[in-house]
Every structure is written in C-alpha cells, then in structure tokens.
Amino acid sequence: MDAGAREHHDPIRSPERLAALHRLALLNTPVEPAFDRLTRLASAVLNTPVALVALVAADRQFFKSCIGLPETWASRRETPLSHSFCQHTVVSGAPLIIPDARQHPLVHDNPAITDLGVVADAGIPLITADGYLLGSFCVIDIEPRTWTAREIDILRDLADGVMTEIEVRAAARALEHERGELERRVHARTAALNAANAQRRRNELVGRQRAEEAQRASEIHFRSLFDTSTIGLYRTTPDGRILVANPVLAHSLGYASVEELMARNLEAAAYAPGYTRRQFREQIEQDGKITGLEAAWTKKDGTCMHVRESAKVVCGADGEVLYYEGTVEDITEYKRAEEALQQAHIAAMQLEELDRLRATFVTSVSHDLRTPLTAARAVLILLGASATDRLRPEEQRLVENAQRNIEHLGRLIDDLLVHNHLEAGSLQLHPQPTDLRMIVTDVLVTIDPLLRQKRQILALDLAEPLPTSVDVHRLEQALVNVIANAHEHTPPATRITIRGWVVDNDVVVSVHDTGPGIPAEELETIFQRFYQLNLSDGGSGLGLAIARAIVAMHGGRMWAQSHLHVSTTFYVAVPRALHGSSVCH
Numbered sequence: 001m002d003a004g005a006r007e008h009h010d011p012i013r014s015p016e017r018l019a020a021l022h023r024l025a026l027l028n029t030p031v032e033p034a035f036d037r038l039t040r041l042a043s044a045v046l047n048t049p050v051a052l053v054a055l056v057a058a059d060r061q062f063f064k065s066c067i068g069l070p071e072t073w074a075s076r077r078e079t080p081l082s083h084s085f086c087q088h089t090v091v092s093g094a095p096l097i098i099p100d101a102r103q104h105p106l107v108h109d110n111p112a113i114t115d116l117g118v119v120a121d122a123g124i125p126l127i128t129a130d131g132y133l134l135g136s137f138c139v140i141d142i143e144p145r146t147w148t149a150r151e152i153d154i155l156r157d158l159a160d161g162v163m164t165e166i167e168v169r170a171a172a173r174a175l176e177h178e179r180g181e182l183e184r185r186v187h188a189r190t191a192a193l194n195a196a197n198a199q200r201r202r203n204e205l206v207g208r209q210r211a212e213e214a215q216r217a218s219e220i221h222f223r224s225l226f227d228t229s230t231i232g233l234y235r236t237t238p239d240g241r242i243l244v245a246n247p248v249l250a251h252s253l254g255y256a257s258v259e260e261l262m263a264r265n266l267e268a269a270a271y272a273p274g275y276t277r278r279q280f281r282e283q284i285e286q287d288g289k290i291t292g293l294e295a296a297w298t299k300k301d302g303t304c305m306h307v308r309e310s311a312k313v314v315c316g317a318d319g320e321v322l323y324y325e326g327t328v329e330d331i332t333e334y335k336r337a338e339e340a341l342q343q344a345h346i347a348a349m350q351l352e353e354l355d356r357l358r359a360t361f362v363t364s365v366s367h368d369l370r371t372p373l374t375a376a377r378a379v380l381i382l383l384g385a386s387a388t389d390r391l392r393p394e395e396q397r398l399v400e401n402a403q404r405n406i407e408h409l410g411r412l413i414d415d416l417l418v419h420n421h422l423e424a425g426s427l428q429l430h431p432q433p434t435d436l437r438m439i440v441t442d443v444l445v446t447i448d449p450l451l452r453q454k455r456q457i458l459a460l461d462l463a464e465p466l467p468t469s470v471d472v473h474r475l476e477q478a479l480v481n482v483i484a485n486a487h488e489h490t491p492p493a494t495r496i497t498i499r500g501w502v503v504d505n506d507v508v509v510s511v512h513d514t515g516p517g518i519p520a521e522e523l524e525t526i527f528q529r530f531y532q533l534n535l536s537d538g539g540s541g542l543g544l545a546i547a548r549a550i551v552a553m554h555g556g557r558m559w560a561q562s563h564l565h566v567s568t569t570f571y572v573a574v575p576r577a578l579h580g581s582s583v584c585h
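Quick note: the sequence shown uses this note's numbering, first residue 1, plus one each step.
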C-alpha cells in the first residue's frame with residue numbers, strides 16, 4: 001500500500017479531518033477563559049487533578065486548555081503522539097474509559113504513564129457538526145479509578161459545552177469574515193457608483209438591499225447562537241434594564257420565560273444581600289469591559305445563585321453608550337464544592353490536632369503508670385520469694401492474680417507506646433545478627449509465670465539454628481504478644497506448641513494453641529487495631545496489630561490459620577540472615 005493509501009485509511013492523518021481542524025484555527029492559539037472554565041469545572045466536579053481539551057494533529061496533540069498538567073508539559077501545551085491517549089478516541093470515535101492505564105492493553109506501554117503520571121483516564125470525543133473528530137475532552141487521575149456512569153454523563157455534557165464554544169468561536173470568525181466581505185463589497189460598490197454616476201441610484205438601491213439581507217442573515221445567525229449558548233447572555237441599559245436575554249439565563253434564575261425575566265432590573269434587584277452592582281458599574285465605566293467578576297444573584301424564588309460575569313460596553317457611531325452586552329456563568333456548584341473542600345480541610349486539621357493530643361495523652365499516662373507499676377511488680381516478686389510458705393492457698397492465688405494483672409498492664413502500656421510510635425512513623429529498628437531461638441527462649445522466660453498459673457503445657461520444637469538479623473527488643477515484643485494471645489485463649493491444662501524452621505529465605509516461628517479457634521472470615525480482621533473477637537476476654541485489641549506491624553517493618557510476614565472449635569496457629573516469618581548480612585531497614 002502506498003503512502004497516500006495509508007494516509008487515507010489512517011483516521012489521525014485523514015486529509016479531510018486535518019483540514020477541518022485547521023479551518024477552526026485552534027492549534028497554537030493562546031489559552032482562552034471559556035475553555036479553561038470548562039476544564040476547571042470538570043476537575044472540580046469529578047475530583048480529578050487534570051482536565052484537558054486535547055486537539056489531535058498529524059504528529060502531536062495540542063492542549064487548547066490544560067488544567068493540572070505537570071511541568072514542563074503545561075508550558076509546552078502539547079505532547080507527541082507517543083504520549084497521547086486521546087489519539088485512540090479519534091481512531092475509534094468513541095469514549096475512551098480507562099480505570100488503570102498500567103493494566104489496559106491499548107495504553108499499558110504509553111510513556112505518558114511515567115512522564116505525565118497518567119493512571120486513570122476518561123475521554124469524550126470532540127466531534128464537529130459535520131462529523132469530523134478533532135480530539136478529546138478528558139480528565140486524568142494519578143491513581144486507579146472506576147469511572148461511574150454519572151461521571152461519564154457529566155463529562156459528556158461538558159464535552160458538549162466545549163464543542164459549543166468551538167462552534168460559537170467558528171461562527172464568530174465566519175460572521176466577522178462575512179462582515180468584512182460585506183464591507184469590502186460596499187466600498188467596491190461605492191467606488192463604482194462614484195465612477196458611474198448614471199448607475200448611482202440603481203447601485204445604491206441594490207447595495208442597500210444586499211446590505212439589509214446580509215444584516216438580517218447576520219441577526220438570524222446571532223440569534224441562533226444567542227439562543228443555543230450554554231451560558232447566560234444579556235444586553236442591558238447602563239441603569240440595569242434588560243433589553244434582551246437568552247433562555248439559559250432566564251431558566252438559571254428560575255423564570256419560566258425570557259419575557260418574565262425582562263421585567264426585572266439588574267441594577268435594582270439582581271444581587272443577593274452582601275453584594276452590589278457598584279463594583280461592576282465602576283469597572284465597566286472605567287475600562288469599557290469587565291472579565292470574570294464573581295458575585296451572588298437572587299433567583300426568582302429568593303435563593304442565592306453564584307455567578308461569574310463578563311461584559312463590555314457597546315457604543316454607537318457617535319460614542320454614545322447603547323447597551324452593555326455580557327455573559328453570566330452559573331458557578332454555584334463550583335462554589336459549593338469549594339466550600340465543602342474548605343470544611344473538609346478544617347475538619348482534617350481538627351482531627352489531626354485531636355490525634356496529636358491523644359498521642360500526647362497516651363504517652364504521658366503510660367510513662368506516669370510505669371513507676372508505680374514497677375514498684376508493685378517488685379513488691380509482689382519479693383512477697384512471692386519470701387513469704388510463699390506462709391501464705392494460705394487463697395492468699396497465694398491473690399498474689400498470682402495480682403502478678404498476672406500487673407504483667408498484663410505492663411504489656412498494655414508497652415503496646416500503647418509502640419502504637420503511638422507506629423502511628424507517628426517514629427518507631428525505629430536497630431537490627432543485629434541473632435538466632436531466633438534465643439529470642440523465643442527469652443520470651444518464654446518472660447511469659448512462663450502466666451503459663452504456670454493456668455497449668456498450660458509448653459511444647460518446643462526449635463531443632464535447627466534460625467539465623468536472622470532483627471531488632472531483638474521489638475521482635476521479642478511481637479512474640480510476647482503472639483504467645484500471650486495463645487495463653488489468653490487456651491483453656492487451662494492444655495498444650496501450646498512453638499515450632500521454628502527455615503524455609504527458602506525465611507526463618508519461621510509458629511505458635512499453635514488448642515483454643516476455641518477463629519472464624520475464617522475474621523482471620524485478617526483480627527490484625528486490625530482495637531479489633532476483638534466476641535470471645536475475647538477484654539484485651540486492648542492492639543497486640544496482634546502491633547506484632548504484625550513490627551514483623552512487617554523487618555520485611556517479614558505474619559498470618560493465622562484456624563479450625564473453629566479446634567485450634568489456631570499464628571505464623572511469624574522474617575528474612576533469614578545470609579553471611580551475617582543485615583536485612584532490616
């Protein structure tokens with residue numbers, strides 16, 4: 001197939017499509033507020049960081065509007081087609097909806113994913129009235145996203161608004177060209193009349209008729225654009241009396257017809273409490289125009305409507321002001337979204353402050369409890385060592401219960417402090433080469449009194465060396481929580497089995513108990529902070545969550561398997577140390 005045939009079958013390089021694109025004179029033009037308003041609205045309503053009006057040329061895509069695009073692409077306002085998602089919309093002629101570009105077969109290798117941060121994309125084709133595909137109106141998210149049907153409908157409506165702006169712009173250029181042509185003809189006629197006096201009357205009549213016909217056609221065309229615009233349009237006298245308005249403005253303000261709206265005076269009754277027309281009047285009288293003035297208008301039913309207004313002064317040949325001509329854009333939803341965002345920001349700051357106060361309180365209380373707790377533990381140890389033979393059985397049980405409760409309270413304080421550090425991201429690890437069997441042995445020394453009080457039998461299977469590189473203190477804390485959990489949920493006089501082995505690049509320790517078991521649907525939930533099973537005996541709900549977090553910080557894993565009403569096994573796996581290397585960061 002020769003180059004001409006390939007070009008004919010390539011929608012991107014179709015001569016007819018490219019000709020239509022160039023006729024609209026949009027490529028390489030400056031940014032325009034009309035298009036930026038639509039992309040800003042899309043970004044705000046759909047909560048996306050980026051919104052684009054992309055026009056696809058033969059070898060690049062040009063952004064007529066680009067809100068949120070990262071530099072240096074935002075300054076260039078174009079990318080090569082190698083970075084274009086919108087070209088696929090032009091090829092297919094259909095919307096392109098991509099929840100995750102990295103997984104999408106059409107664009108998974110597109111460099112825009114890494115260069116521009118594109119992950120999720122939704123684009124609606126921009127199609128002219130005569131069927132030519134110009135490009136795409138699209139929004140982009142930097143995270144995977146499932147686009148809802150309502151969001152696609154909103155995007156489609158905004159894309160229609162973009163095409164309306166393009167058509168209005170093209171119509172205005174055509175009208176200007178038509179007026180220029182008409183003026184040229186009138187001048188030509190006038191010159192001809194001056195040269196041929198005999199034909200003056202006839203030529204004047206013909207010229208007048210043609211001018212009137214052209215004016216009528218121009219007025220009809222203007223009225224069509226006026227009535228079909230997607231934003232409010234008006235003409236008023238300088239004192240605010242409405243001369244003409246389009247249906248969009250009337251309906252936005254809650255009026256059934258333009259005629260009903262025209263009975264209202266913008267100067268006297270348009271503005272909501274707290275707003276006046278003074279700023280509008282002073283600026284337009286000084287500059288002859290006003291652009292993007294934000295205010296609040298009162299609708300027919302008395303409710304408030306936020307608007308963005310632009311206007312200009314139209315004067316007659318003698319310089320006398322004929323009327324003001326302006327546009328009114330309803331930005332109520334944008335203002336509501338902006339206010340909601342501000343409220344959310346305030347709420348987030350309040351939550352952050354509450355969280356800081358909570359963390360400070362927990363740390364302070366935990367430290368305040370340590371001193372009396374240490375003293376109480378020492379007294380009980382001394383009492384148990386010196387007076388065991390003199391205590392009656394019930395007194396001995398009271399001492400043992402007190403020891404158990406103090407140890408439980410000590411673990412709870414440790415868990416609260418570690419939880420605070422984890423939430424603040426300030427928990428630091430100091431790894432050193434060690435044998436995991438030594439850590440398990442030290443943990444059992446700590447927890448042995450609890451096991452003896454419930455007459456629980458401990459079975460150990462730690463035959464082979466378990467070399468690793470970990471923060472000994474933190475991993476001891478994690479294993480204490482796991483074994484204490486087994487102790488709490490295992491009946492008296494039953495067996496708890498601890499095993500250790502090496503598998504691949506991990507060393508693994510398992511803690512097996514014969515307690516009531518855990519429902520399958522809660523095997524992951526139990527690792528959430530403050531979560532407790534219904535059969536829990538009142539723990540903090542932090543132990544397993546902290547244990548898993550500490551193991552994860554070592555680059556390891558922690559999980560559970562259970563048979564309901566039979567047994568539960570918790571597994572802790574951390575990286576095996578190879579030749580004394582440190583694996584913890």
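I should point out that these hints are in silico values taken from the structure, not numbers from a laboratory. Keep in mind that a hint or two might mislead.
Said to hold, decoys possible - Pairs of lysine-lysine residues, derived as PhoX-like cross-links and limited to a Cα-Cα distance of at most 25 angstroms, are as follows: (1) LYS335 with LYS300; (2) LYS299 with LYS335; (3) LYS299 with LYS312; (4) LYS289 with LYS312.
To be verified - Beta-carbon label-pair distances, calculated as ranges: (5) GLY131 with ILE152: 18 to 26 angstroms; (6) PRO99 with HIS565: 13 to 21 angstroms; (7) GLY541 with PRO492: 50 to 58 angstroms; (8) GLU333 with ASP100: 45 to 53 angstroms; (9) ALA20 with LEU106: 43 to 51 angstroms; (10) HIS345 with ASP100: 23 to 31 angstroms; (11) ALA172 with GLN209: 47 to 55 angstroms; (12) ALA94 with GLN209: 43 to 51 angstroms; (13) ARG216 with VAL91: 40 to 48 angstroms; (14) ASP109 with VAL566: 23 to 31 angstroms; (15) PRO144 with ALA347: 38 to 46 angstroms; (16) GLY131 with HIS345: 44 to 52 angstroms.
Bear in mind the structure is a predicted one, so any value in this text is a computation, not a measurement. C-beta atoms are modelled at their ideal positions from N, C-alpha and C, and glycine is treated no differently.
How the hints compare with the structure:
The suggested pairing of LYS335 with LYS300 holds, with an alpha-carbon distance near 20 angstroms, which does not exceed 25 angstroms. With a CA separation close to 16 angstroms, the supplied pair LYS299 and LYS335 stays within the 25 angstroms bound. For the hint pairing LYS299 with LYS312, the CA-to-CA distance comes to about 23 angstroms; that is within 25 angstroms, so the pair holds. Simply put, LYS289 and LYS312 have alpha-carbon atoms about 4 angstroms apart, close enough for the 25 angstroms limit, and the pair holds.
Between GLY131 and ILE152 the beta carbons are some 22 angstroms apart, a value that agrees with the proposed interval 18 to 26 angstroms. Hint check: PRO99 to HIS565, Cβ distance near 42 angstroms, so the stated range 13 to 21 angstroms is violated. Checked against the given bound of 50 to 58 angstroms, the beta carbons of GLY541 and PRO492, roughly 24 angstroms apart, lie outside it. GLU333 and ASP100 have their C-beta atoms about 28 angstroms apart, which leaves the hinted 45 to 53 angstroms range violated.
Take ALA20 and LEU106: their Cβ atoms lie about 25 angstroms apart, and the range 43 to 51 angstroms is violated. The given range of 23 to 31 angstroms is respected by HIS345 and ASP100, whose C-beta atoms sit roughly 28 angstroms from each other. Distance hint for ALA172 and GLN209: a CB-CB separation of about 26 angstroms, inconsistent with the stated range 47 to 55 angstroms. Between ALA94 and GLN209 the beta carbon distance is about 49 angstroms. The supplied range of 43 to 51 angstroms therefore holds.
Taking 40 to 48 angstroms as the suggested C-beta distance range, the pair ARG216 and VAL91 conforms, at roughly 43 angstroms. Between ASP109 and VAL566, the C-beta spacing of about 50 angstroms breaks the proposed range 23 to 31 angstroms. For PRO144 and ALA347, the hinted distance range of 38 to 46 angstroms is not satisfied, since their beta carbons lie about 26 angstroms from each other. For GLY131 and HIS345, the hinted distance range of 44 to 52 angstroms is satisfied, since their beta carbons lie about 46 angstroms from each other.
In this structure, the earlier hints numbered 6, 7, 8, 9, 11, 14 and 15 are contradicted, and the remaining ones agree with it.
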